[in-house]
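Take the sequences, apply the hints, and build the full model.
Residue numbers (the UniProt record's numbering), protein chains in the order written: chain A, 1 to 517; chain B, 1 to 517.
Just so you know, these hints were derived from the structure itself, not from any lab.
The beta carbon of each residue, even a glycine, is placed where N, CA and C say it ideally should be.
Any given hint could turn out to be false.
Capping the alpha-carbon separation at 30 Å, the derived lysine-lysine pairs in BS3-like fashion look like this [claimed, not checked]:
1. K192/A to K192/B
2. K192/A to K338/B
3. K285/A to K338/B
One-sided excerpt, in silico: chain B residues whose CB lies under 8 Å from chain A [said to hold, decoys possible]:
4. N110
5. G131
6. N133
7. T264
8. A297
9. V316
10. F320
11. A350
12. H351
13. A352
14. A356
15. Q357
16. E365
17. V423
18. P426
19. A428
Using C-beta positions, here's what the derived DEER-type ranges look like [said to hold, decoys possible]:
20. H91/A to R408/B: 29 to 39 Å
21. V291/B to D194/A: 40 to 50 Å
22. N292/A to D191/B: 40 to 50 Å
23. D344/B to P473/A: 49 to 59 Å
24. D344/B to G471/A: 54 to 64 Å
Protein chains: 2
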Amino acid sequence: TVGRALDNAPPRVDATGASHGASRVRVAVPSRRSRPRARIASVRRGRTERKARRPIRSLQHNTVVRPRARRSARGDSRRTMATDDHMKVEHIGLPDGATSASLGDYLLENGRVVRDVVLGYTAYGELNASGDNAIVVGHSLTSNSNVTEWWGAMCGPGEQFALNTLEDFVICVNYLGSPYGSSAPTTADPDKADGGCYGADFPTPVSIRDNVRLQKMLLDSLGVKHLKMAIGGSMGSMLALEWAATFPDFVEELCLIAGCGRHTDWAIGIGEAQRFSIMADGKFKGGSYDVNDPPKAGLATSRMMAMLSYRAPASVDQKFERTVTMNSKTGAAAPMAKPSSHVDLNNVVAHANEKAQSLPYFAVESYLQYQGKKFIRRFDANCYIQLTYTLDSHDVARGRGEYRDVLRSLRHRVLVVGITSDVLYPFALQRELAREMPHSELYAIDSPHGHDAFLIEIASLNVAVTRWRNGEPATLGKLRWKAPEEETRASSEDVGELQAAVRELEEDLARAREMEG
Amino acid sequence: TVGRALDNAPPRVDATGASHGASRVRVAVPSRRSRPRARIASVRRGRTERKARRPIRSLQHNTVVRPRARRSARGDSRRTMATDDHMKVEHIGLPDGATSASLGDYLLENGRVVRDVVLGYTAYGELNASGDNAIVVGHSLTSNSNVTEWWGAMCGPGEQFALNTLEDFVICVNYLGSPYGSSAPTTADPDKADGGCYGADFPTPVSIRDNVRLQKMLLDSLGVKHLKMAIGGSMGSMLALEWAATFPDFVEELCLIAGCGRHTDWAIGIGEAQRFSIMADGKFKGGSYDVNDPPKAGLATSRMMAMLSYRAPASVDQKFERTVTMNSKTGAAAPMAKPSSHVDLNNVVAHANEKAQSLPYFAVESYLQYQGKKFIRRFDANCYIQLTYTLDSHDVARGRGEYRDVLRSLRHRVLVVGITSDVLYPFALQRELAREMPHSELYAIDSPHGHDAFLIEIASLNVAVTRWRNGEPATLGKLRWKAPEEETRASSEDVGELQAAVRELEEDLARAREMEG
Numbered sequence: 001t002v003g004r005a006l007d008n009a010p011p012r013v014d015a016t017g018a019s020h021g022a023s024r025v026r027v028a029v030p031s032r033r034s035r036p037r038a039r040i041a042s043v044r045r046g047r048t049e050r051k052a053r054r055p056i057r058s059l060q061h062n063t064v065v066r067p068r069a070r071r072s073a074r075g076d077s078r079r080t081m082a083t084d085d086h087m088k089v090e091h092i093g094l095p096d097g098a099t100s101a102s103l104g105d106y107l108l109e110n111g112r113v114v115r116d117v118v119l120g121y122t123a124y125g126e127l128n129a130s131g132d133n134a135i136v137v138g139h140s141l142t143s144n145s146n147v148t149e150w151w152g153a154m155c156g157p158g159e160q161f162a163l164n165t166l167e168d169f170v171i172c173v174n175y176l177g178s179p180y181g182s183s184a185p186t187t188a189d190p191d192k193a194d195g196g197c198y199g200a201d202f203p204t205p206v207s208i209r210d211n212v213r214l215q216k217m218l219l220d221s222l223g224v225k226h227l228k229m230a231i232g233g234s235m236g237s238m239l240a241l242e243w244a245a246t247f248p249d250f251v252e253e254l255c256l257i258a259g260c261g262r263h264t265d266w267a268i269g270i271g272e273a274q275r276f277s278i279m280a281d282g283k284f285k286g287g288s289y290d291v292n293d294p295p296k297a298g299l300a301t302s303r304m305m306a307m308l309s310y311r312a313p314a315s316v317d318q319k320f321e322r323t324v325t326m327n328s329k330t331g332a333a334a335p336m337a338k339p340s341s342h343v344d345l346n347n348v349v350a351h352a353n354e355k356a357q358s359l360p361y362f363a364v365e366s367y368l369q370y371q372g373k374k375f376i377r378r379f380d381a382n383c384y385i386q387l388t389y390t391l392d393s394h395d396v397a398r399g400r401g402e403y404r405d406v407l408r409s410l411r412h413r414v415l416v417v418g419i420t421s422d423v424l425y426p427f428a429l430q431r432e433l434a435r436e437m438p439h440s441e442l443y444a445i446d447s448p449h450g451h452d453a454f455l456i457e458i459a460s461l462n463v464a465v466t467r468w469r470n471g472e473p474a475t476l477g478k479l480r481w482k483a484p485e486e487e488t489r490a491s492s493e494d495v496g497e498l499q500a501a502v503r504e505l506e507e508d509l510a511r512a513r514e515m516e517g
Numbered sequence: 001t002v003g004r005a006l007d008n009a010p011p012r013v014d015a016t017g018a019s020h021g022a023s024r025v026r027v028a029v030p031s032r033r034s035r036p037r038a039r040i041a042s043v044r045r046g047r048t049e050r051k052a053r054r055p056i057r058s059l060q061h062n063t064v065v066r067p068r069a070r071r072s073a074r075g076d077s078r079r080t081m082a083t084d085d086h087m088k089v090e091h092i093g094l095p096d097g098a099t100s101a102s103l104g105d106y107l108l109e110n111g112r113v114v115r116d117v118v119l120g121y122t123a124y125g126e127l128n129a130s131g132d133n134a135i136v137v138g139h140s141l142t143s144n145s146n147v148t149e150w151w152g153a154m155c156g157p158g159e160q161f162a163l164n165t166l167e168d169f170v171i172c173v174n175y176l177g178s179p180y181g182s183s184a185p186t187t188a189d190p191d192k193a194d195g196g197c198y199g200a201d202f203p204t205p206v207s208i209r210d211n212v213r214l215q216k217m218l219l220d221s222l223g224v225k226h227l228k229m230a231i232g233g234s235m236g237s238m239l240a241l242e243w244a245a246t247f248p249d250f251v252e253e254l255c256l257i258a259g260c261g262r263h264t265d266w267a268i269g270i271g272e273a274q275r276f277s278i279m280a281d282g283k284f285k286g287g288s289y290d291v292n293d294p295p296k297a298g299l300a301t302s303r304m305m306a307m308l309s310y311r312a313p314a315s316v317d318q319k320f321e322r323t324v325t326m327n328s329k330t331g332a333a334a335p336m337a338k339p340s341s342h343v344d345l346n347n348v349v350a351h352a353n354e355k356a357q358s359l360p361y362f363a364v365e366s367y368l369q370y371q372g373k374k375f376i377r378r379f380d381a382n383c384y385i386q387l388t389y390t391l392d393s394h395d396v397a398r399g400r401g402e403y404r405d406v407l408r409s410l411r412h413r414v415l416v417v418g419i420t421s422d423v424l425y426p427f428a429l430q431r432e433l434a435r436e437m438p439h440s441e442l443y444a445i446d447s448p449h450g451h452d453a454f455l456i457e458i459a460s461l462n463v464a465v466t467r468w469r470n471g472e473p474a475t476l477g478k479l480r481w482k483a484p485e486e487e488t489r490a491s492s493e494d495v496g497e498l499q500a501a502v503r504e505l506e507e508d509l510a511r512a513r514e515m516e517g
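Below, the structure is given as structure tokens:
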């Protein structure tokens, strides 16, 4: 039987009548561990441990460990990040070093059941005997569970890492609906006799809260008794916040980076425009597309839009400076002609007029097209749509009362991190979180890069989170931004008031000195 | 013969060998003047006048004066503007009250010739005998030449109007490539024997500079000897700036609103993502689409994206507050189901899964879809693409030297207007213009609405421009923003410094008073 989940209670999941627990966890460990730093979770208790070490099942789409996948660089990845997608994988499916767990049936908030839920996850470090050294990391919209791929400098063995795998059991779980190892439109639908994938039939929408409850079930199975911290960037910060609101006593600390307490209308709109670009691609067919002939052009367009929302305008301008794309293959470098068609995007014909090829082919255009083409190799259109619905569902106060009251009720120690140039989730949203949550510190990444700074300015983010986890202020004195209480815009009012105060004081002082004289 | 145009010299245009001039102007005046305030230009000189009063030719696509077109409201249009497209027309073609002029052949900067160029324009007021009371107004990307439709409170008879039609001869010319009366992909291609439209064969790209040169030819024909001012918002400000750089002695003053001196990479990227959404629509066919079956879905998507770039995130959030779309037709208002298909957008099937209709249908999604559907009735996909290429071409320094040197060389009196919350052309761009142009004042529209504030905050903009035209500062003392010299971000530094100054002065004062005591 499947029951409707109540707030703060994990839903019943086992259609056979057994309660959820370790016995339901089936873990598939890839046969090759090609990532030296990424230790597979070794869970030290009873049946779970035995199960964990025995590969039981790997889903059709994630059987292969790909030794040729590029490795992410450690350290400050500013240079590569500034030019590239933060993700290096070139395929969907469970990433190297990840594990997949089967959790049985799950009743979504929307009232529909996902049968035989599988979650992909990656774990680092070891769970201690008391099960209370775990940290949940939330990944961003299009990332996978492989934390070291996109947050390398944040996670490793040693106290220089904010996520110290010598002490912390760090786990990142792939979202339901994401193509990186969890049940998703790209995985087999148990209701289809022919083994076909969910595709458009994936039960939608999955909420952030659904993901938290599923992750709780997984952690219970692994023997986790308490979370030292829930941390995440962008969509991951929504997960972390929802962890605290759904299981307040299970979570100790929160680190919420470049996100919000409820998805904003502007961001819903950005998502809708992106979804519409996919839906408008004739190949999409309402999601019932041929997986061998997917809506590549629409998905590439959505990625182009997304990339721009992840970057601050000034950052893009400084990067490209109106340069045009050069063709270096032709001996002396010469401007490249604007492509008149895109064969790799389902034969999109950009210009039937051949003369139009002499249009300037700006580097930023070439860059965006490259990013679009890169993205379609590692993502799926239905998954993208589902995950943006998950973002839109996010409202930590849904069913819990007034938004601010809910934030005020969360007594956790919280580090809220915002990026001063973020267009997608502007800094004011993080300032609001910090203002309302009673035990918070607001830390600003004063970066020109916009939203993606949480995947670029990793070295300084790592220092800040490490300091804060050690009980120190995240903000060093020399940094300019120190949790301003008011809108940036209001500070010009402050300037005016203060200037007036200075004038008055100067006059008072002059008068006092006159009298003195 | 057609020669290559040189900077600052109008190109030769007459393939028959005659020099350009009044004799080449053929003006079609619509037979009904349905807009009472919009006076058709009455040009008081020789043959031009006679020609101007005799309708000679009206193109196939602009023969109809549409009496049912909605009128724009005068006064502060904040309420309507905040909810709607700023344009009320629902068709392409020459707007009510506009005139079309034939200018002969024109050699574009790109080396191609547009044959038999037609420009649509709207004029208000009368040209004086000395021909020196003209003002050119530049319209924005998707506007037409009907200034009173989108800037009603700025333009009218009386000194309360920044554009005072009792004194000024105000003229706004539709851009080449725009569907509102000028030669464009939607008009007949003289090279096609069957009378077919240009479509994808329109010679591309047309630059802002091309538009200035064409407009100069038109003004010459009308007898304009000198421009009191070139003014415009967004794309229109690019036109105004290019007017000053191309014909520096012809222009007296400049008013540059919410634009930039060269199109930025982020904005090129936004344009490219929008173009790509059109090109990815299977109906587009490289621009050679059936005009009766155009790429509606792609064009609607591009509009959805554009609308978000025109609005500041906080403005959108405050407008919608995560509300869902209500269906008021069903007696008691109930949430509306998310549409699973869009018949009016070429049968886009959004969700093949019928259950997906229970997804929350956020008001912002409904709003964007409405805007998209509204836009496809009044615009054309090829025109949209051409005009975004025109934007991308914009660089006032192209062929003229270093960007800053070119700005510094412009000795005109300039009012630069920026919007503090503009995402598309951020305030820093206008600050840069004002900093580099030697006789400039920077005026800030301190609006939460983002880029579109230049079409929303018209009443205050009108006051500022009127003051400035009268030789006063545009900025009133009580307004908060007074041309800050530094980045907004730096003002928190200012606050710190000023707070320190206050503390020091307070201490000095205390000491002085102690000594006094």
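Quick rundown of the hints versus the structure:
1. K192/A to K192/B: 55 Å, violated
2. K192/A to K338/B: Roughly 26 Å between the alpha carbons, so the hint for K192/A and K338/B holds.
3. K285/A to K338/B: Roughly 17 Å between the alpha carbons, so the hint for K285/A and K338/B holds.
4. N110: 7 Å, holds
5. G131: Violated - the Cβ of G131/B stays beyond 8 Å from chain A, reaching only about 37 Å at its closest.
6. N133: 37 Å, violated
7. T264: 5 Å, holds
8. A297: A297/B check passes; min Cβ-Cβ to chain A is 3 Å, inside 8 Å.
9. V316: 4 Å, holds
10. F320: With a minimum Cβ separation of about 4 Å from chain A (threshold 8 Å), the hint on F320/B holds.
11. A350: 5 Å, holds
12. H351: Nearest chain A Cβ about 6 Å off; hint holds.
13. A352: 3 Å, holds
14. A356: Where the cut-off is 8 Å and the nearest Cβ of chain A is about 5 Å from A356/B, the hint holds.
15. Q357: Given a least distance of 10 Å, the restraint on Q357/B is violated.
16. E365: Where the cut-off is 8 Å and the nearest Cβ of chain A is about 4 Å from E365/B, the hint holds.
17. V423: 6 Å, holds
18. P426: 6 Å, holds
19. A428: This interface hint holds because 7 Å falls under the 8 Å limit.
20. H91/A to R408/B: 29 to 39 Å: 53 Å, violated
21. V291/B to D194/A: 40 to 50 Å: 43 Å, holds
22. N292/A to D191/B: 40 to 50 Å: 42 Å, holds
23. D344/B to P473/A: 49 to 59 Å: 56 Å, holds
24. D344/B to G471/A: 54 to 64 Å: 59 Å, holds
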